[in-house]
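> Residue-level listing of the chains:
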Amino acid sequence: MIIFEKSKNKLVFYILSVIALIYIAGCSPSSSKPASTEQLIRYNIGAEPATLDPALSSGMMEQTVANALLEGLVRLDQDGLPAPGMAKSWDVSPDYKTYTFHLRECSWSNGEPLTAGDFVYAWLRALSPETACPYAYQLFYLVNGKEFNSGEVTDPSSVGVRAEGKDRLVVNLKDPVPYFLSLTAFPTLFPVPENVVSRDPAGWLRAPEGLVCNGPFKLTAWEHNKQILLAKNNQYWDRENVKLEKLIITLVDDSNTELAMFEKGQIDIAETPPYREIERLAESGLLKLSPDLSNEYYMFNTEVKPFDQVLVRKALSLAIDRESLVTNLIKSGEKAAYAFVPPGVEGPAPGRDFRSHGEKLIGGFNPAVAKGLLAEAGFPEGRGFPKIKVLLDNNQNHKAVAEAITGMWLEHLGVQSEIAEQEYRVYLNTMFGKDYQVARVGWVADYNDPMTFLDMWVTDSDNNLANWANAQYDQLIDKALGAGDRPTRNELMFEAEKILMDEQPVIPIYYYTNPYLERETIKGVIHPSFAFFADFKWAYVE
Amino acid sequence: MLGYVLRRAGFNLGVMLVVVTLTFFLMRLLPGDPFMSQRINPDIKENLYAKYGLDQPAARQYADYLTALARFDLGESLKYPGRTVNQIIAESFPVSAAVGFPALALAAFLGVTAGVLSAIWHNRWPDRFILAWATLGLSIPNFALGAGLIYIFALKLGIFPVAMYEKPLDLVLPVLTLAIWPAAVITRLIRTEMIEVLQRDYIISARVRGLGPAAVVLRHALPNALPAAIHYTGPLAATLLTGSFIVEKIFALPGLGQYYITSIGNRDYNLVAGITIFYTFILLVSTFLTDLLAFSLNPRCRYRNGS
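Here the protein sequences come in this chain order: A and B. The first sequence: position 427 = 427 (the working numbering), numbered continuously. The second sequence: position 101 = 643 (the working numbering), numbered continuously.
A hint or two may mislead.
[Stated by the list, open to error] The calculated lysine to any residue pairs, modelled on SDA-like cross-linking and capped at a C-alpha distance of 20 Å, are: (1) B:K698 to A:R280; (2) A:K264 to B:I694; (3) A:K174 to B:P710; (4) B:K587 to A:S128; (5) B:K587 to A:S150; (6) A:K389 to A:A404; (7) A:K331 to A:L286; (8) A:K226 to B:P710; (9) B:K709 to B:P636.
Note that these hints are calculated values from the structure, not bench results.
Produce the complete structure using the sequences and hints provided.
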């Protein structure tokens, strides 16, 4: 039905134009920020940190922010080695079991003095069952640390940490722990201001003046899910070396949006460049890579047939062309892995790599040998081999790698597989329920020592989800844990790793690197290989 | 009228209780728990369970939850320790609403205008032009539209920031992204109804009586073509006001939609339940309001009520 005459079409045209214009949105340009040499860095960290309380934090994001606000006994320097922090010096007993820290004279951001008592308070708080600190195990090295956390021991004075006066902290460890020093740079071991926190242990961060800190920066505002604003802390002991006046930590979760913001100049450092853009960014020279103490591996449930056979596990490992995976598929600086402990993990001496013991503990891609091993295991040409179920968490990257690996198994061994993707927590639940055959797992170092990759494979470890048991391995790890002498300890761990790689309950695929984008004018930002994404203490804008 | 409102409120309360109960138990039935992590120690997990009362029997937890709910206390977030669900909703809902409300208004305006024009020129080129736009609006997914708008207006033309709004005008792109789809739906709803209404006898007699086209369309035809769109707007308002996960994610808006989706992955039982209850509340209220609106527009209801 037409109720308007044709001549009115003009009017329609105008109305439609207006609508179209609304669609194309003509608004005045927003003023873009002028370039300046202001000592300000805008850093996108990703999602919202769960908390800034060092005792409650349990992720890299939280730890990175905590590390800007607070400082432990030491702070890791450019090379990842412990540099004096709240402690100006320390003495370590020859058996690595007693650490005595001499604190410098310094104060909290509210001007109150920081004492050894603040450390004792913070550590006991982190260990106390009521606090329910998810990373409490970082303090289980202390005498009675684990027992205090489980409630077996209730007397705090029996835990291996005490203050001797205001400036001396004595720590007693159960076993020799050569990496304990660098562990004190970890947020769980950060001090908290006893006077402030004891008044309101759950809500001390919420008060506007609440976050009393001792690190290079202090908190000015936390706009949830949007940004965290930090400013230089003028009470910080080493303030002369902090050049940065302001640090804006944006909380943009979407990696494509993050990239667009970086390209538009809205942020200076982008922590998670989108996977699909890595190649283009690498070509443009914007992409930077920092070492990362983490690996990706495939784990077998060694109690499920036929994965109980070492021959089968080895055959599957040898059929994977790791070099092709890292050069043709993932391409963001990952390195093919032929051992379990990633390069960069500290070995026999400070600054010496554990991998200097040996780089390659398993054979490289060799389909002929793989076929032979599978035949020896009773599956010539893959005949009679059951369909492998590969468990993954739902992540596009993990899926792409799994598709490539299962493709290699089919091509070189004639073995069929199916990929089962599960939502992250469902996947964890399946793995912890040991209801899987083969699972893709990634592991990130908790501290800079091979033990963080090796102690989980002892028979009674909660994290040994491969159901793998090897008495010799257990013995070697046990000995290493008790060895006070660093080179001996490393020899023992290397022997253990060789057994792990000989039996292959887990087959390493590659070692990760950490890709990020950083503007040329930004200098001095440290990108540590574990625990934190970035450290801004020495950062400045050129 | 008062009786109707009270009956409706009672019914809605029942709906809320069902939603609360379902959410409470379904979340706990999901495999995996809030403190599941690759490396947690059983003792530590026990401490966390005890801290949040998850070690209690489910019936006890449910009773505690309802008791707190009666005081409008939605509990503490399990993912964000020290922050209550009430605080999180109070902080993020205004952000979602600041995008959702203009998007709703824009969608309604565009939808009604385009729908009416389309019906008036039924099967002529303006109709086809509008239908083409509407089909486009229906078929482009949010994330593609958002990314496209960012690319053109933020990266290429530099008119808007990529993300992170500072002033109201910065919200133009997310509002557009959010409004296009419902605008297209409303366009089609109005068009269909309007075409039908315009063929009715009373419209023809109105025209014969010499009423101008504007009066015919706006005063006589439109009120009768609106109810379908109004009923659609109820649930739509709730959805738009409480935020879209995708739009909030790509434009980095600190709204409620993002919390809703991530809280499920985090198994943040209290946050999931809290936002679900809040969403249900908004949904019931907006449905109720749109019902009242439709009711008041319907002459038959009006006359019956008046007599």
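> Tell me the hint numbers this structure goes against, listed in increasing order.
3
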